[in-house]
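Residue numbers (this note's numbering), protein chains in the order written: chain A, 1 to 217; chain B, 1 to 84.
There's no promise every hint is true.
Stated by the list, open to error - Cross-link-like lysine-lysine pairs, in silico, DSS-like; alpha carbons within 30 Å at most:
no., chain 1, residue 1, chain 2, residue 2
1, A, 201, B, 9
2, A, 114, A, 190
3, B, 12, A, 114
4, A, 114, A, 201
5, B, 12, A, 201
6, B, 12, A, 190
7, B, 9, A, 190
8, B, 9, A, 114
9, A, 201, A, 190
As the list claims (entries may be wrong) - Non-contacting residues of chain B with respect to chain A, defined by C-beta distances greater than 10 Å in every case (computed):
no., residue
10, 19
11, 35
12, 63
13, 68
Because the hints were derived from the structure by calculation, they are not lab data. Virtual Cβ for every residue (Gly too), placed ideally from N, Cα, C.
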Amino acid sequence: MPAAGPGPAATRTFTFAAHVAARYNGHTVDELEQQDIAAALGGDEAAYARLVARHQAAVARLAWRFTRVPAECEELVQQTFVEAYFALDGYRGDAPLEHWLARIATRVGYRFWKERTRRGADMPLGDIDPAAPATDGPADPDPAVAAALVQALLANLAPAERLILTLLYFEECSTEEIARRMGWNRAVVKMRAYRARRRLKEIAQREHLLERLGWTS
Amino acid sequence: MDELETIEKLTKRARSDGPPPVNVASAVLARLRTARPTPILPLAIVAAGAAIAAALIVAFAAHAWMTGVDPQAALFPTLEIAQL
Numbered sequence: 001m002p003a004a005g006p007g008p009a010a011t012r013t014f015t016f017a018a019h020v021a022a023r024y025n026g027h028t029v030d031e032l033e034q035q036d037i038a039a040a041l042g043g044d045e046a047a048y049a050r051l052v053a054r055h056q057a058a059v060a061r062l063a064w065r066f067t068r069v070p071a072e073c074e075e076l077v078q079q080t081f082v083e084a085y086f087a088l089d090g091y092r093g094d095a096p097l098e099h100w101l102a103r104i105a106t107r108v109g110y111r112f113w114k115e116r117t118r119r120g121a122d123m124p125l126g127d128i129d130p131a132a133p134a135t136d137g138p139a140d141p142d143p144a145v146a147a148a149l150v151q152a153l154l155a156n157l158a159p160a161e162r163l164i165l166t167l168l169y170f171e172e173c174s175t176e177e178i179a180r181r182m183g184w185n186r187a188v189v190k191m192r193a194y195r196a197r198r199r200l201k202e203i204a205q206r207e208h209l210l211e212r213l214g215w216t217s
Numbered sequence: 001m002d003e004l005e006t007i008e009k010l011t012k013r014a015r016s017d018g019p020p021p022v023n024v025a026s027a028v029l030a031r032l033r034t035a036r037p038t039p040i041l042p043l044a045i046v047a048a049g050a051a052i053a054a055a056l057i058v059a060f061a062a063h064a065w066m067t068g069v070d071p072q073a074a075l076f077p078t079l080e081i082a083q084l
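The following block holds chain A by itself, in its conformation from the complex (with noise of 0.2 Å):
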């Protein structure tokens, strides 16, 4: 069966308000929603591939905080949408698809953390320079290169401490959220946090971050 292209609908990024919000043609977004998942579940290709196509950058987003390497990054988001697929029979409604989704991402992106790990690979800090592209100043690094300076040090932490803190720092996780989409339980959550945040401080202080960042005073 061909796949539909996606549409105008596609390429847009849907907060929750948002999802909740818009319309097309007269129908909610979750309307929408249920109409393809309804179809998908039935066969219809073209039905799920317009739910990848309005998921995509939601979890690519996601599957970004994962690795910084634009190939790896697309894998992950679509192991994500194949996952999904296969489980689409368990989506129960009561949570918005994005925030399930969400929860598949995470998984995947665990587990290619922990399979990365087992391999030995890893991002070395000494190879990003804080001021190498166009910065504000010493202050405020671009955000590409904040974003891959904070991974860098996350990298030294073991999988489960990475995560933990990945979802704290970038996606402003609450640790009750975070045990829930990776069903641990929440105060193994909590104390693995304040583990992970007092073994960065280490990393950190050994890579010498405010050196190089130019933020000793």
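With chain A's structure known, arrange chain B on it following the hints.
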């Protein structure tokens, strides 16, 4: 400012950093076509065949057990005879 505050400040800057645009719909569909779960019928046929074979073996083994002579049991009468 300590290291953790620095990292939190960097993270705030980093939140606006996003990935290059992706368009994975057709790639996902292509992967789904090749990654469809194996249909259950061939597996069920193999499982049924294996179950029938196992049942035949169990039946044969039970029959052999019931009708066969236990070598240990056969030894005792011999011993009893030897004691006489």
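### Message
Please check whether the beta-carbon of residue 68 of chain B is more than 10 Å away from every beta-carbon in chain A.
### Response
Since the minimum Cβ distance to chain A is about 51 Å, residue 68 of chain B lies beyond 10 Å and the statement holds.
### Query
Between residue 12 of chain B and residue 190 of chain A, does the CA-CA distance stay at or below 30 Å?
holds (21 Å)
### Query
Quick one, are residue 12 of chain B and residue 201 of chain A close enough, alpha carbons at most 30 Å?
With a Cα-Cα distance of about 17 Å, the restraint between residue 12 of chain B and residue 201 of chain A holds, given a limit of 30 Å.
### Task
Verify the proposed pairing of residue 12 of chain B with residue 114 of chain A, using a straight-line Cα cut of 30 Å.
Between residue 12 of chain B and residue 114 of chain A the Cα gap is close to 26 Å, so the pair holds against 30 Å.
### Query
Given the hinted pair residue 114 of chain A and residue 190 of chain A, is their alpha-carbon gap at most 30 Å?
With a Cα-Cα distance of about 20 Å, the restraint between residue 114 of chain A and residue 190 of chain A holds, given a limit of 30 Å.
### Query
residue 35 of chain B clear of chain A by more than 10 Å, beta carbon to beta carbon?
violated (6 Å)
### Query
Straight-line Cα separation of residue 201 of chain A and residue 190 of chain A no greater than 30 Å?
Roughly 17 Å between the alpha carbons, so the hint for residue 201 of chain A and residue 190 of chain A holds.
### Message
Given the hinted pair residue 9 of chain B and residue 190 of chain A, is their Cα-Cα distance within 30 Å?
### Response
The given pair, whose Cα atoms are some 21 Å apart, holds under the 30 Å limit.
### Message
Checking one constraint from the list: CA of residue 114 of chain A to CA of residue 201 of chain A, max 30 Å. Satisfied?
### Response
holds (22 Å)
### Query
Per the stated criterion, does the least C-beta distance between residue 19 of chain B and chain A lie above 10 Å, as a non-interface residue requires?
At about 4 Å from chain A, residue 19 of chain B fails to clear the 10 Å cut-off, so the statement is violated.
### Query
For the pair supplied as a hint, residue 201 of chain A and residue 9 of chain B, is the alpha-carbon distance within the 30 Å limit?
Answer holds: residue 201 of chain A to residue 9 of chain B is near 14 Å, not above 30 Å.
#### Entry: Pair hint outcome, residue 9 of chain B versus residue 114 of chain A [Cα-Cα no greater than 30 Å]
Cα-Cα ~27 Å, so holds.
Consistency with the previously given hints fails for numbers 10, 11, ordered from lowest to highest.
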